[in-house]
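J.: So you can see what is in the structure, the chains are spelled out below.
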Amino acid sequence: MLTLFASFLSQLTQTLLVVLIAPLMLGWVGQCRAWLQNRSGPGLLQPYRVLFKLFDKEALLAHNASVVFRSAPYIQFGCMVLAASVVPIVETNLLFAPAADVIALVGVFALARVFSALAAMDVGTSFGSLGARREMLVASLSEPALLMVFFTPLLIVQSSSLNVIVDTLAHREFALYPSLAFAAVAFIMVLLAENARIPIDNPATHLELTMIHEALVLEYSGRYLALIEWATAIKFTTYCAIGIALFAPWGIAGAGAWQTLPAAIVALIVKLGIIGLGLALLETISAKMRIFRAPEFLGMAFMLAALGMLTRLLLGA
Amino acid sequence: MSTMPMSVQLINLMAALMLLIAFAMLAQRRILSLIYLFAWQGAVLAVNSLIVAWYTGHNELYLSAFFTVLLKVIVLPVALLYLIRKLNITWDVETLINIPTTLFAGIILVVFAFNLALPISQLAGTITRGTLGIAIAVVLLAFLMMITRRKAVPQVIGFLAMENGLFFAATSATYGMPMVVELGILLDVMVGILILGIFFFQVREAFDSLDLKHMEKLKESGE
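Heads up: the sequence lines are chains C and G, in that order.
Everything in the first sequence is counted per the numbering used here, starting at 99 for the first residue and increasing by one.
Everything in the second sequence is counted per the numbering used here, starting at 742 for the first residue and increasing by one.
Simulated from the structure, these hints should not be mistaken for laboratory data.
These numbers were taken from a predicted model, which means no experiment stands behind them.
Note that CB positions come from ideal geometry on N, CA and C, so glycine has one too.
Just to be clear, a hint being listed does not mean it is correct.
Claimed, not checked - Rough simulated footprint, nothing fancy, chain C against chain G, three-plus residues with beta-carbon under 8 Å:
#1 745–752
#2 755–767
#3 837–845
#4 850–862
#5 872–882
Claimed, not checked - Here are the in silico distance ranges between beta carbons for each label pair:
#6 Leu822(G) / Ala355(C): 52 to 58 Å
#7 Asn829(G) / Glu306(C): 39 to 45 Å
#8 Thr382(C) / Tyr777(G): 20 to 26 Å
#9 Ile383(C) / Phe884(G): 33 to 39 Å
#10 Arg945(G) / Gly222(C): 55 to 61 Å
#11 Thr382(C) / Thr797(G): 41 to 47 Å
#12 Leu100(C) / Met747(G): 39 to 45 Å
#13 Ile861(G) / Leu114(C): 53 to 59 Å
#14 Ile383(C) / Ser950(G): 32 to 38 Å
Based on the provided sequences and hints, a complete structural model is requested.
T.: Okay, here's the thing in C-alpha cells:
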C-alpha cells in the first residue's frame, strides 16, 4: 500500500512538473535564440504570459465548427499529459508506466496529431486543409523514423518500458554504443520535425507558403488556442525528456531512492538547459528547408536510425 | 548485458564511423563536401589502424597508419581540391537515382554485406573480426556511389573510398596486408589519381563536360 502511495505521489509530482515547466522550456529556447541573434529577447516567462492572456480572452468559434473542432484541443492536451506521465524524468517509480510503453507512446502522439488535423479541416478553410496535409506529410515520414529510433535502445535493454530502459541504461558500467549515437542523431532530427522547429517548420511564422503548425491552429482563439499552445509546449518538453531518458539517463534516481532525488532534479535542470541551448544554436545556424526537402531530411533520419539498429544487431555494439 | 573489452568497443566505434561516412558520401550532393568526407574517412581509417596496432602489438600497422594519413588525408584530398579548382567544377553532383532511394539501397547492401561476412568472420581469430561486415559494406557502398553518379570526379572519389573499404577489410580480417603489398597499393592509387587527373582534362577537352554519358557516343551505332 505504501509503495503504491509512493509511486502515486512520484507520478503526480513528475506529471505536474513537466506540465508546469513546459512553457518555461519553450521560453528558455526562445531566450537562447534571442541571445544568439543579438536580441534582448522576451524573457523566460513570456510563454506563461501568452497562456494567461489567451485563457483570459473570449473564444470565438466558426459558425460551422463541429464537436470535433471544439473537443480537439482537450484531446490534444490530454494526450500530451498522458505522454508526459509515462516518461520518467527524475525518478523511475511511475504508477502509469505500465499504461504505455514507447511504442504506445508513438501512438499517443499520433492520436493527438490526427485530431489536430481533423479539427483543422473541420472548419473548411483552405489554410486549415493545407496545414493538415503538410502536417500529415511530415508525420507519415517522421513516425516510422521515431519507431526505428526506439528499436535500438529496445534491442539493447530487451524491454519496451521506458522505466526499465532508464533503470538499465542509467546503472550500467561504461560502454561505448555507436548504435545509440546513431539513434540519438536520428532522434534529434525527428524531434525538430515533430515539434515544428526550424529546418522543417518555423513556429514564429505566419507566412502561408511555409507554415505547417501555424496553419493548423489558425482558426482557434481564446482558451482553445491556449490549450493547444500549452500542449505543444508539453509535447516539446516530453520529447526532450524522452531524449534524456534514452540517450543520457545518468542521474535519474531509481525507484524508491529518495536520497538521490535532489541530485536527479539538478541533473534534469542542467540537461534540459543544455538541450535548449543546443536546439537554439541548431535553429540559429540552419535555414528553413523547402517543404519538399522535408522527406529527404526525414529519410535521412530513418536511415540513421536503421543504421543504428543494424549496428546493434550485427556488430553487437 | 555483456560488456566487451575496451579494444573491441573502440574498433566497433571506428567501424560505425566508417559506415556513417560511407552513407554520408552516398547522400552528399556537393563535390567539395565529398572530398572533405573522403579525407575524414581516411582519418578514421588511420585511427583504426593505430588502435589495432596498440592493442595487438603489430608494429607495422603504425607505419601503415602514417602512410594512410599522409596519402589519404593530405595528399589525395589536396590533389582533388586542386583538380576541381583547375577544372572549375562548382556544380552540384547529379545523381542518376534520387538520394533517398540510393540510401535505402545502401541499407539493403549493408545487410547483404553482413550476411556475406558472417562465415568469414567466424573463421578469423582477430579482435577485429566483427567489423569485417562493415568493411565489405563500405566497399559495396562505394561501388553504389560509383554506379549512381554521373560525373567523373565523384566516380573517382567513389573508387578511392572503395580502396579505403578494402584497406579496412584487410585490417579487420588479418591485421593488415603485408607491407610490400600495402606500399604497392598506395603507389597504385597515387599513380591512378595522376592519370585520372590528366584524363579529366582530356575528357573535358573532348566533350566540354565531365559527364561520362557523353562517352557512350563513342560506340558505333547502326546495328
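J.: Each of the hints needs a verdict: does it hold here or not?
T.: Okay, the hints, checked on the actual structure:
| no. | hint | verdict |
| --- | --- | --- |
| 1 | 745–752 | holds (count 3) |
| 2 | 755–767 | holds (count 6) |
| 3 | 837–845 | holds (count 4) |
| 4 | 850–862 | holds (count 3) |
| 5 | 872–882 | holds (count 3) |
| 6 | Leu822(G) / Ala355(C): 52 to 58 Å | holds, 56 Å |
| 7 | Asn829(G) / Glu306(C): 39 to 45 Å | holds, 40 Å |
| 8 | Thr382(C) / Tyr777(G): 20 to 26 Å | holds, 23 Å |
| 9 | Ile383(C) / Phe884(G): 33 to 39 Å | holds, 34 Å |
| 10 | Arg945(G) / Gly222(C): 55 to 61 Å | holds, 58 Å |
| 11 | Thr382(C) / Thr797(G): 41 to 47 Å | holds, 45 Å |
| 12 | Leu100(C) / Met747(G): 39 to 45 Å | holds, 43 Å |
| 13 | Ile861(G) / Leu114(C): 53 to 59 Å | holds, 56 Å |
| 14 | Ile383(C) / Ser950(G): 32 to 38 Å | holds, 35 Å |
When the structure is compared with the earlier hints, no violation turns up for any of them.
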